[in-house]
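S.K.: Listed below, chain by chain, are the residues.
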Amino acid sequence: MDPTEKFEQSARAISRMMGIIFAMFMVVGGFLVYMMIDPAFSAFRPAPEVAVVVATPLEDDFDKIENGVHIRTGFIEGEGLMTVVNNCTNCHSAKLVTQNRMNEDGWRATIKWMQETQNLWDLGKNEDIIVKYLATYYAPEKKGRRQNLADIDWYVLEK
Amino acid sequence: MNRRKFVQNSGLTALSALIGAEIVFGNAMPKGYIPLGLQDPDPFKMFDKDPEMLVLNDKPWNIESLAHLLDDRVTPNRAMFIRNNGKIPEKVDPAAWTLTFDGESVQSQKTYSLAELKSRFSKHTYQLTLECGGNGRSEFDPPAKGNQWSVGAVSSAEWTGVRLRDLLDDVGIKSNAVYIGYHAADTHLSGDPNKEPISRGFPIAKAMQDETLLAFQMNGKDIPLAHGHPLRLVAGGWPASVSGKWLTGISVRDQVHDGPKMVGDSYRVPCNPVAPGTKVADEDMCIIESMPVKSLITYPKTGATISHGKNISFRGHAWAGELEVDTMQYSIDFGSTWKECNLEAPANRLAWQHFSGEATFPRKGYYELWARAIDSLGNAQPMVLPGWNPKGYLNNACHRIAVKVV
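Chains as they are written, first to last, in my numbering: chain A, 1 to 159; chain B, 160 to 565.
If you're looking for bench data, these hints aren't it; they were derived computationally from the structure.
Glycine included, C-beta positions come from ideal geometry on N, C-alpha and C.
Worth double-checking, as some hints may not be accurate.
[Stated by the list, open to error] Result set (DSSO-like, lysine-lysine): computed pairs, CA atoms no more than 27 Å apart in a straight line:
#1 LYS132(A) x LYS550(B)
#2 LYS112(A) x LYS159(A)
#3 LYS438(B) x LYS112(A)
#4 LYS269(B) x LYS333(B)
#5 LYS469(B) x LYS523(B)
#6 LYS304(B) x LYS112(A)
#7 LYS143(A) x LYS304(B)
#8 LYS112(A) x LYS469(B)
#9 LYS333(B) x LYS277(B)
[As the list claims (entries may be wrong)] Here are some chain B residues the structure puts well away from chain A; computed CB gaps all over 12 Å:
#10 PRO210
#11 ASN216
#12 ASP230
#13 PRO248
#14 ASP261
#15 GLN266
#16 GLU275
#17 SER334
#18 ALA336
#19 LYS380
#20 PRO549
In isolation and in its complexed conformation, chain A is listed as follows (with noise of 0.2 Å):
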């Protein structure tokens, strides 16, 4: 046989062996992939009723805000929230941040404190944003020197 013959043969069967195995390697990814997005196969069955989801910006339902209150973070809603969330929330929790009650001169003053001995960041303009929403959402409530009890859930006491 000629060596060229021979060369150009054995090229095509390796050609021919590489197109298989794309085609397997094809048909196994794209079942692969069908799993991942139909892992239940209910294509194949009589779908009953077929819900959409509309594929909304991550970042809507992310912030979702129900009833004033930022639900991811538990933040009330008002004019400064999102600077409140995206410098806030970073190294603590926002719990950190919603059960105090501060004036503007408080908040600030814990602003530096974090600035001082926490690593947090220079806030630029946005310290008198996020310092605002804080003073008006999270401002301090008179308590007076003893509150009555609150929240009493009243039962039976069986001896």
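We have chain A already, so just place chain B on it with the hints.
M.R.: Below, chain B alone, put in the same frame as chain A:
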């Protein structure tokens, strides 16, 4: 707020956003399937805590107990509050754990393995009361910054370990030693590896007490991770923040230790009393040492309704920092009259004491049962808030529960 469900929904949306198309068969995704990385940790399962406890903060973890959950004579892990300044260490290997003594006032630096600590020094067990300096902070007016603890940041468990004093003797300390400061394996919230979240301590005299332990067991078992496994300092009667968890080092200092949360207004109160809301200069603030006299009614739970003619058998615990409680009183008329009730001696020094009594109610109506402890120096719990301080420490006002007689 159903955060888990929200995360689940947003996960599907995220997937659809990723694909850039509608996921037509989105409803066929297995129900209850949440990608592992998005799973919300259940703190009550993770830390083995009573689900009634209150999560004040989840980064860092701070979880408070309730009065009626603290009814046991020795506090079990299930009801013990969690207080953290930083992140709980992720990898703890007791086999490789070491404790290093250093500082200006050691003869020379010395390191012990955990195994060496356990085998070379004699073990001691004490029941020790640990109360957060900020327990009761939520009541202060003007409000004080920090986790808003009510009454549940206190515990009295049995701690087993070796005496810090025995270690200091073995290391050898110089005559100029005045203070010890601890170092630990927890990490700073900012992620900065060079920052310690907290490094506090106490004077040498406290370090030399019999009951000041380097503990490796709590209630007869390895200390739970959230409470300092595998090694922690336990110095009862002082703000719990001096009892450093995940202990890796002790610095013996020739001056008052100056680690994070030792300076500024942390764990300090005005040296002289101030009017509520006063700004106090750093140099006028003094470090809190012994905690003040205090008590807690742990039975019945607040909100008890009884029929007219029935009595209430109540009980609880009382403690007084470095001191003992001498007298225990209760009132059903907002402190107009006080009656004495039964008080037991502590299991050992610095353990809380148990009180019990029987209250009778003259007629139908709303009552509050108040408890008041008086220490061995005659200091009683105040009925209103004690002296205001910038960070809201040391609220030892009388505990009270609501009672209705019908």
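S.K.: Each hint should be assessed against the structure and marked as holding or not.
M.R.: Evaluated hints:
1. For the hint pairing LYS132(A) with LYS550(B), the CA-to-CA distance comes to about 22 Å; that is within 27 Å, so the pair holds.
2. Between LYS112(A) and LYS159(A) the CA atoms are separated by roughly 55 Å; this puts the pair beyond 27 Å, and the hint is violated.
3. Using a Cα cut-off of 27 Å, the hinted pair LYS438(B) and LYS112(A) holds, with the two alpha carbons roughly 15 Å apart.
4. The suggested pairing of LYS269(B) with LYS333(B) holds, with an alpha-carbon distance near 14 Å, which does not exceed 27 Å.
5. Between the alpha carbons of LYS469(B) and LYS523(B) the distance comes to roughly 11 Å, so the proposed pair stays at or under 27 Å and holds.
6. The straight-line distance between the Cα atoms of LYS304(B) and LYS112(A) is roughly 13 Å, inside the 27 Å bound, and the hint therefore holds.
7. For the hint linking LYS143(A) to LYS304(B), the alpha-carbon distance of about 15 Å falls within 27 Å, and the restraint holds.
8. The suggested pairing of LYS112(A) with LYS469(B) is violated, with an alpha-carbon distance near 56 Å, which exceeds 27 Å.
9. As the CA atoms of LYS333(B) and LYS277(B) are separated by approximately 25 Å, the hinted pair is consistent with the 27 Å bound.
10. Every Cβ of chain A is farther than 12 Å from the Cβ of PRO210(B); the closest lies at roughly 15 Å, confirming the non-interface assignment.
11. The beta carbon of ASN216(B) sits about 5 Å from the closest Cβ of chain A, which is not more than 12 Å, so the claim that it is off the interface is violated.
12. Once the 12 Å rule is applied to beta carbons, ASP230(B) is consistent with being away from chain A; the minimum gap is 14 Å.
13. The beta carbon of PRO248(B) sits about 17 Å from the closest Cβ of chain A, which is more than 12 Å, so the claim that it is off the interface holds.
14. Look at ASP261(B): its CB is around 23 Å from the nearest CB on chain A, clear of 12 Å, so calling it non-interface holds up.
15. Every Cβ of chain A is farther than 12 Å from the Cβ of GLN266(B); the closest lies at roughly 33 Å, confirming the non-interface assignment.
16. Every CB of chain A is more than 12 Å from the CB of GLU275(B) (nearest about 35 Å), matching its label as outside the interface.
17. The claim that SER334(B) lies off the interface holds: its Cβ sits roughly 33 Å from the closest Cβ of chain A, which is beyond the 12 Å cut-off.
18. At the 12 Å boundary, the C-beta of ALA336(B) stays outside the reach of chain A, the nearest C-beta of that chain being 27 Å off.
19. Here LYS380(B) stays apart from chain A, with its beta-carbon at least about 29 Å from theirs, past the 12 Å limit.
20. The claim that PRO549(B) is not at the interface with chain A is violated, since a C-beta of that chain comes within 12 Å of its own (minimum 10 Å).
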